[in-house]
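Each chain, written out:
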Amino acid sequence: MTPADRLLLRAVRAAGWWTPALLVVTLAGVAAELALPAVLGRAVDAAVGSAPTSGPYGWLPVVAGLVAVIVVTGALRDYGTGVAAARSTASLRHLLVRHVFALDPRRAARHPVGELVGRLVGQVADAGQAAPTAVLAVTATVPPLGSLVALTLIDPWLGLTFVAGLVILGVLLRTFVADASAAVAGYQQAQGLLAGRLVEALAGARTIAAAGTADREVDRILAPVDALREHGARTWSVLARAAARGAVVSPLLQLAVVAVGGLALAAGRLTPGELLAAVQYAALGAGLGTVVSTLNKLVRARAGCRRATDVLGEPVRRYGTRALPAGPGELRLCGVTVRSDDGRPLLDRVDLHVPGGALLAVVGPSGSGKSLLAAVAGRLRDPDEGEVRLDGVPLPELTHTALHTAVGYGFERPVLVGATVREAVGHGRDPVPTARAAAIHDFVERLPVRYDTELADVAMSGGERQRLGLARAMRADRLLILDDALSSLDTVTAYRVGQALTAAADRRTRVVVGYRVPTAAAADLVVWLDGGRVRAVGPHLLLWADPAYRAVFRS
Amino acid sequence: MTTVGAVVRAALRGRRAALWRLAGWSVAESLPAAAAGLLTARAVDDGFLAGRPLAGLLWLALLGGAVLVGAYGTARAYALLGDVVEPFRDELLHRVVAAAVGQATAAGGRADDAVVARLTHQVELVRDTWAGLLMVIRGFLFAAGAALIGLVSLAAPVALVVAVPVLAGLGLFVVALPAMVARQRQYVLADERLGRVAVTAVSGHRDVVASGARDRTADWVGEQVDAQARVERRLATMAATRALSLAVGGWLPVLAVLLSARWLVEQGLGPGAVLGALIYVVRGVQPALHTLVQGVAAGGLRFAVTLDRLLRTSAHLDAVHERPVATVTAPRASTATPALSLRGVTFRYGPCAAPVLDGFDLDVPDGDHLAIVGASGIGKSTLANLVAGILHPQAGRVHLGGLPVAGASPAELARRRVLIPQEAYVFTAPVRDNLAYLRPDVPQEVLERAVARLGLGGLVRRLGGYDATLRPADLSAGERQQVALLRAWLSPARLVILDEATCHLDPPTEARLERAFAERPGTLVVIAHRVSSALRARRVLLLDGASALLDDHEGLLERSATYRELVGYWTDGPERVRSSPTPVRSGRRPDGSAHPSWP
Chain E
1 MTPADRLLLR AVRAAGWWTP ALLVVTLAGV AAELALPAVL GRAVDAAVGS APTSGPYGWL
61 PVVAGLVAVI VVTGALRDYG TGVAAARSTA SLRHLLVRHV FALDPRRAAR HPVGELVGRL
121 VGQVADAGQA APTAVLAVTA TVPPLGSLVA LTLIDPWLGL TFVAGLVILG VLLRTFVADA
181 SAAVAGYQQA QGLLAGRLVE ALAGARTIAA AGTADREVDR ILAPVDALRE HGARTWSVLA
241 RAAARGAVVS PLLQLAVVAV GGLALAAGRL TPGELLAAVQ YAALGAGLGT VVSTLNKLVR
301 ARAGCRRATD VLGEPVRRYG TRALPAGPGE LRLCGVTVRS DDGRPLLDRV DLHVPGGALL
361 AVVGPSGSGK SLLAAVAGRL RDPDEGEVRL DGVPLPELTH TALHTAVGYG FERPVLVGAT
421 VREAVGHGRD PVPTARAAAI HDFVERLPVR YDTELADVAM SGGERQRLGL ARAMRADRLL
481 ILDDALSSLD TVTAYRVGQA LTAAADRRTR VVVGYRVPTA AAADLVVWLD GGRVRAVGPH
541 LLLWADPAYR AVFRS
Chain X
1001 MTTVGAVVRA ALRGRRAALW RLAGWSVAES LPAAAAGLLT ARAVDDGFLA GRPLAGLLWL
1061 ALLGGAVLVG AYGTARAYAL LGDVVEPFRD ELLHRVVAAA VGQATAAGGR ADDAVVARLT
1121 HQVELVRDTW AGLLMVIRGF LFAAGAALIG LVSLAAPVAL VVAVPVLAGL GLFVVALPAM
1181 VARQRQYVLA DERLGRVAVT AVSGHRDVVA SGARDRTADW VGEQVDAQAR VERRLATMAA
1241 TRALSLAVGG WLPVLAVLLS ARWLVEQGLG PGAVLGALIY VVRGVQPALH TLVQGVAAGG
1301 LRFAVTLDRL LRTSAHLDAV HERPVATVTA PRASTATPAL SLRGVTFRYG PCAAPVLDGF
1361 DLDVPDGDHL AIVGASGIGK STLANLVAGI LHPQAGRVHL GGLPVAGASP AELARRRVLI
1421 PQEAYVFTAP VRDNLAYLRP DVPQEVLERA VARLGLGGLV RRLGGYDATL RPADLSAGER
1481 QQVALLRAWL SPARLVILDE ATCHLDPPTE ARLERAFAER PGTLVVIAHR VSSALRARRV
1541 LLLDGASALL DDHEGLLERS ATYRELVGYW TDGPERVRSS PTPVRSGRRP DGSAHPSWP
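Protein chains in written order, with the numbering used here: chain E, 1 to 555; chain X, 1001 to 1599.
No lab work stands behind these hints, which were simulated from the structure alone.
Everything numeric in this text was worked out from a predicted model, so none of it was measured.
One or more of the hints may lead you astray.
[Said to hold, decoys possible] If we take Cβ atoms under 8 Å as the criterion, some of the chain X residues that face chain E in the derived model are:
1. Val1069
2. Val1097
3. Val1101
4. Ala1190
5. Leu1194
6. Gly1195
7. His1205
8. Ser1211
9. Gly1222
10. Leu1275
11. Val1282
12. Ala1411
13. Leu1419
14. Phe1427
15. Tyr1437
[To be verified] Short, incomplete list of chain E residues facing chain X, as computed with Cβ under 8 Å:
16. Ala43
17. Val71
18. Leu120
19. Ala201
20. Gly212
21. Gln280
22. Ala473
23. Ala536
24. Pro539
C-beta atoms are modelled at their ideal positions from N, C-alpha and C, and glycine is treated no differently.
Only chain X is shown next, with the shape it has when bound in the complex (with noise of 0.2 Å):
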């Protein structure tokens, strides 16, 4: 796994030329620090306490002139900041961007509800603090170096005694740093699952009342909020760390210049040199100090923590890509081969969870048009996602037009089978972007050829035009599916499963469309939202849990009281629930079988 200081050093290496132009601004910037004890010891001891005021002022003036260079280095320095931080946060943008798309079209993944507050948050977080841990750690650098070279320039002995104390200091906190991160990190992490927690127990409000668990779910949360004071205050007491380094690099000198002055005089230094050794340490050394201790606490710590929760959270990226990717051997179709097979296939979504399907059976064959029924959460879904290769069935083959979908690539699936979800995915980006999704190369004639069979002229006008920008919010749920349908019409592929694909649409915009599609040729694959659905189906599978059917219309309600049900046809009458359970399937294959004498 990539770590924080993997990063870091790669991104320090990787702008190289930036950083330099930024130590330069910053000399620049320490000017005045290293000129202030300096300069006000030749004003006080050559000036004012010469009897010469005038000297003592241009000196001074001298130091305001600095103050000015100062002050531009100060201004380049931030400016150039943008040419270190900008490109870091465009890594991680893309690292994040590419991790939660990555995530939520892996084999069984999904979308992570989190990943929004991550594009923006915390990679804004990560991007301030860092700028924030250059300027500090810069500063304190140039501050304190300029600081020392002015004491050396004043009185050498002198810069010796501060450094010692400044350096101790500095190594305190160093080795303070990795506990301060530990528990900055648990800060974090406390935070973050009491954010869980409420998270689920106000989302289940309603329930929580009506199960009487009132006062239970408030201690649920209260134990978090509690634990998070608790981590709250185990970090408040790293202030006596921060205070300790303080002391000792901050303060330690200035007693230790005290006890030199006498010395300093003795050796021919006037007062004013005591001065500017003094002014060195509490105007120079000690703020820079101050910053860099305060400044690693607080957003250093932040910067190192969220880092690592943003890479942790981005890994799972590599895993997923790092899936070996077999060899697809050459397409050896033929009419005998049917478009879609199943074998003996089972899945479930969790180790120990029961089996959406199990043994499972299907063959379908070229040119076939099949609805597939049931009630809801029953496995449709699970089911067009495992023929299309989108999850990975724990036992079982899959075979589309003869190839096997495991191993191949996306991009060769998506050539061989054109999957439409219910939940019609466009985006936006120019109308001719999105009808052209799955086949981006398409002719313009063939295009308007096909906007002209599914009947869309009427919404691409609408909505300006091949060129004009399509903005999601300006369609309807059903426009948005008429769009993702055209998409499927102009695939390369020859099988198309529609899951609830036309579930917005009015029943007779539905009956258009799905009649053109068994029109194109190829194998359609209907997960019926409606019965009509069905009745226009060549055969239909039910899935009822335990068993699964296989039959056209009218076979399935002569056998299959469920299939009655959900039909809404009730030709016999009230029925008792008890009186008619359905058969349950006692073997490997379903009972009636889903793998009947096809061709």
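Isolated chain E (complex conformation) (with noise of 0.2 Å):
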């Protein structure tokens, strides 16, 4: 069993009691659809007096009774289907979000943002069809077949008019069979051609706004739209092909079951009731084409699982069980190296001691690893050979709590995660002592509703969203690590967040990625990497006297 028909089992018994229920009032419905025609047709019968009967309406409760099946049981069966749907789907995204966020951010990050989203949203919601299309599945083929015993029990011939009718009209209207693949690609080639200069149009969008000629542009953009009709009008003429053939098979085999009907009716071997039911049980019957659309229904439900499983099944990331004894935060890098997914060493054999409550600049020439320095440092991304230890603890060996209470980050361009700004940037805690930290809180202070302003609604420039970015990495207590946070600050505000920073006060281990000359020259200690190896470690004046240091700076 693959794993993706373990998921589609999954969903189906996340469905609970409907998929059981389901298949209850399935059959229930099928059973009163494939006796309607017969109890009809002695109905009939017995209206007419074609038939020795108990009385002209005797029959008439038990059509009632049917009918009431029928309709009822369509309506829970309907109803049945979307709430077993909505409950599959469910279940399915909460597992597949969970597994999303324990992934490891590297893991994560090889699934592009969009391709993750349409599995969540719209490949889980063709998975989540899993009940309903099971019960479908094995309930479907019962309405044709029970119709081909219900025609032969009525009388042997009519079976095999329908099926020799069925083969017969089968072979005529193959050649009908029309192929839109043609014009449907030509469709959608237009169409990509119309998205693709909207696109084009979309990106150039300061220019065309400088330049004034945005009617000029919507022209172009449109300019494919008459090979779209053209190719439109191709996909409905296929369409009306295939309308015209259905218009045909069903209503020719109703009427060839009524001639051999009609002459035994004549040889008095049938009543006109029975012809009657004989009507309708081939126009059920006819509905064999349905059995192949379940079949897709089915495959859908499966690819939507198989795609899911493909994420499902990243190893998600571990944490450890020990918890950070008291300590002042000393950081130690033993024999760190980082791989490039070819193999390359980004980070070679890093060793690195940084005392607790140290500030710790990291410089180097674009490319030599600052940012991957910084990402290995507090368990961003796991190194792929040696180990890096926080107060004497390797970091896998924390739990998720302790890791993320001690170690906070500060990126160049953070993305805030959650609906209010308060959420965003205490994620549970109070966000005001370390928004004010940022230098942030005033800007916070003058959004509609503050703290609880819904983050969708901010307006806020690269700096303004770094500091909210940097007031979020503020709460860690024992390790802030800022890569390139502060660079889209202006020098007044990176001054003011620099003293927060750099304040004797401040007890945490502090590693800061950044190319600016203050940072290094505030710093306890910087650690200047070239070609992911360190080159040197020392304080900035002293490593100032050497001209190749000075030039990192300068490019």
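Two chains, two separate frames, one set of hints: put the complex together.
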């Protein structure tokens, strides 16, 4: 059993008792549907007096009862289908969401955002149809096959006619099977062309706005519409042929059954009521075509599960069981190596010791591994070789809570996540103290409902976003890692934030990646990286004597 | 705002001829539905039961003929559907594209990421559901109508007995329709909200993990998942309404005919007639009603909701275009008028956001060459947009060549200044169209001279000449910028603003092109990406958040530590941050002033 099939089963189970209920309801409905033509036939015979019965209306309550069963089971089936799908879908989505956020950021980054969201929102909805589709797959063949049996029971010739008619018509109309793929491909191509032009124009919106050529651009983007219309007309004519085919098969099949039934009627082997029943069975039997669409649904549900298992198959990031002992925040990197996907070392056997409470500046030319060092130092990423210890404890041995209470990250381009500013900055804690430290409190105070303003409604510049991200990171109590997290701040703000960061009162260990001289100058210790290796470690003033070190700040 | 109803009515009115033809073929399509009961009744009563099986078969053959005619009608009707649906789709496309371009290019507007999805997915959804809706409603009207006509010709009172419950069922469905649309809309909104939250959360995956917010974020997305599931369950309860409509409209007539069967026989009608009447009901009216109810409940509701969303999102455009455009007085350009002048300009992105520029003054004389420098995110591009009239300040005035920017039409502005942004715009079209974008009527020899002057001959040859189709993917970022720069060079405007427009060029090419622009008659404002740009300029404007300084390169080196830091010159060795705070401005006028005593 593949993981996709296991997930499909899980989705079916998630629908709870709705799955067996749906099965019972569907089967009851199908049974009533199959019984009704026969009973209706009897009722007609009774009414027109072509059969000896208890009375002209004796069959009427039975007909009414069957109709009631069909109506009620139909409503229950529709409702149950919706509810079962909603439950399965929600269950799969919860599973997927938990898993995605338990992944290592590096693994998650391998899936583009749109693709992950597509799986979560779109494809999981297909997979969520698992329960109703499974019930349908079990029951779909019952009405057509039951009809065939009923036809044969009424008169064997009717069953034979039905099967023969189905085969003959199928063969005859085979030639009419039109291939829509060419027209659809052309249509999609024109559509893609149009979308492509729109994307081009939107990317150049500033040029277009400045040039005042918006109207011209609209005409240019819409130029492929003529081709679109041409291919569109072709798709409709292909559809027309398919529709005509449908309009011929079922009625002609019924007609053949009526003809053979009529002959049996003339021969006295059939009553008018039975003829009516035969017509209806022929119509029910022609529904054999829907079996194919059921299979199609099953394939889609399974495909949705497979897309979800692609993500669910990724191993989650493991945390340890240890808490952090009391300590100054001493950071130690031993033989840390990080490799690129093709095996090239990006950080090469880095050894580094940062005393507790120190401010470490990481400098080096772009591509020297500064951000990677920052990522490894706080377990944003696990090194491929080597070990990182915080106050003596290897980072992977810490619990989730212990690690994230101790370590905070500020990024160059932070992404704020949460419904409100309060949530995005505080993640459940009071955001005000850290927002003050990051010099962003005043900004938040000017928002419509301050910290409770919805994040989506906040218009902010890159610098303001950066400071909110910084405020989020500042709640860390032992190790603060800032990866170019002050780059968008103007000098004055950077000075204010810098003062908060470099204040003697701050006992936290701080790792700051940056290319500005003041950052390095204010640090207790500078680690100078070059090509993934540590070139030198020492105070800024000592290193400054080296012209190669000075050149780092000139690029 | 345009409503769904108005748009649909307009779409139908505009396609009257096509709709009449559609109706004509629908009549042909409904021929078997009208004849089925009647001909079957004849075949049974006058044929099989009368001991003339051959006559019965002949009647049925007639019905077979009707089926073939009907199938032909179906084919023609579907083929005609294109004439009704395709123009409607084209109108929607035009609406969406015009709105997207309008929003992206409007003052303070930005490109909407969802627009491509709207263009492809939503418009297609509306097209398909519109076609489906047309077919379903048309199918019901003609099939049910044909069955009733057949019933009338078979037994008029029975037709009445059948018609009343059908209409009642239909009425029930119509009454419930608004509630169904409302639930469908909630469903779509819940879906969109889930999508938005998921995009935010997943985009911030690194941040979520780094700040230990794994569980809280999963809960946040989970809340949307549950909300969506609740709405989906509510939507499912509409199944009851559909079932009731079908029970009344589709099944009551069956019982009614059965009840009246004895009466029919007493009226002298044969068993075949009863059979025929039931065939009209169970094979005509009932499936037609079923298709209608299911079709409208599925595709029809999605049509209404999706079209409504499309119309809402493309409605902003009207508001933007209705901005009053003031008439512009004739230019009174003289040598004394500065090419560019800003007075007391204040701009902020949100009503509560901190201002990017606050009471900002600047004068750039005609023929000047100004470089603007500053840290990223400090507001250089905002300033360029304000000067170009793409953004409008909340306070203060911007003048180009003595004329106010506010109220000038885009075309008028384009004649006075040209702005080339960092993201060079090239598009799939002939090379010539790309180069002559800002001056479409440029003579070929002028174009060729400009290409030679800026050294783009090699690029044009590589692309296959002026008439070859340019494909943006074939050009490097630097080549795109060269195309954009040539455009600006050809533009009739006197003021050229280059907003990091040379950032992807190698330094020698950048120097060559910038020098060429400096020699072009008129004024040049360069938002500098490299220090070298500032070195080449006559004057440099330094933006530093709270303050702005205007001087030449040497002067700024002397006056501003920030400038020294930006330039990378550190003549006085390492310096501590806390020892060199940049002077904070106190009044409305920036410290050092961006409005010094220049002519």
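For each hint, the structure was consulted:
1. Val1069: 10 Å, violated
2. Val1097: 5 Å, holds
3. Val1101: 5 Å, holds
4. Ala1190: Violated. Min distance 11 Å.
5. Leu1194: 6 Å, holds
6. Gly1195: 5 Å, holds
7. His1205: With Cβ-Cβ at 5 Å, under 8 Å, it holds.
8. Ser1211: 6 Å, holds
9. Gly1222: 6 Å, holds
10. Leu1275: Since the shortest Cβ distance to chain E is 5 Å, the answer is holds.
11. Val1282: 6 Å, holds
12. Ala1411: At 5 Å from the nearest chain E Cβ, Ala1411 (chain X) passes the 8 Å test, so the hint holds.
13. Leu1419: 4 Å, holds
14. Phe1427: Phe1427 (chain X) check passes; min Cβ-Cβ to chain E is 5 Å, inside 8 Å.
15. Tyr1437: Constraint on Tyr1437 (chain X) satisfied, holds at 7 Å.
16. Ala43: Check passed: Cβ of Ala43 (chain E) comes within 5 Å of chain X, closer than 8 Å.
17. Val71: Cβ of Val71 (chain E) sits 4 Å from chain X, so the hint holds.
18. Leu120: 5 Å, holds
19. Ala201: Constraint on Ala201 (chain E) satisfied, holds at 6 Å.
20. Gly212: 3 Å, holds
21. Gln280: 6 Å, holds
22. Ala473: 7 Å, holds
23. Ala536: 15 Å, violated
24. Pro539: Hint violated; Pro539 (chain E) Cβ to chain X Cβ min 10 Å, cut 8 Å.
The earlier numbered hints that this structure contradicts are 1, 4, 23, 24.
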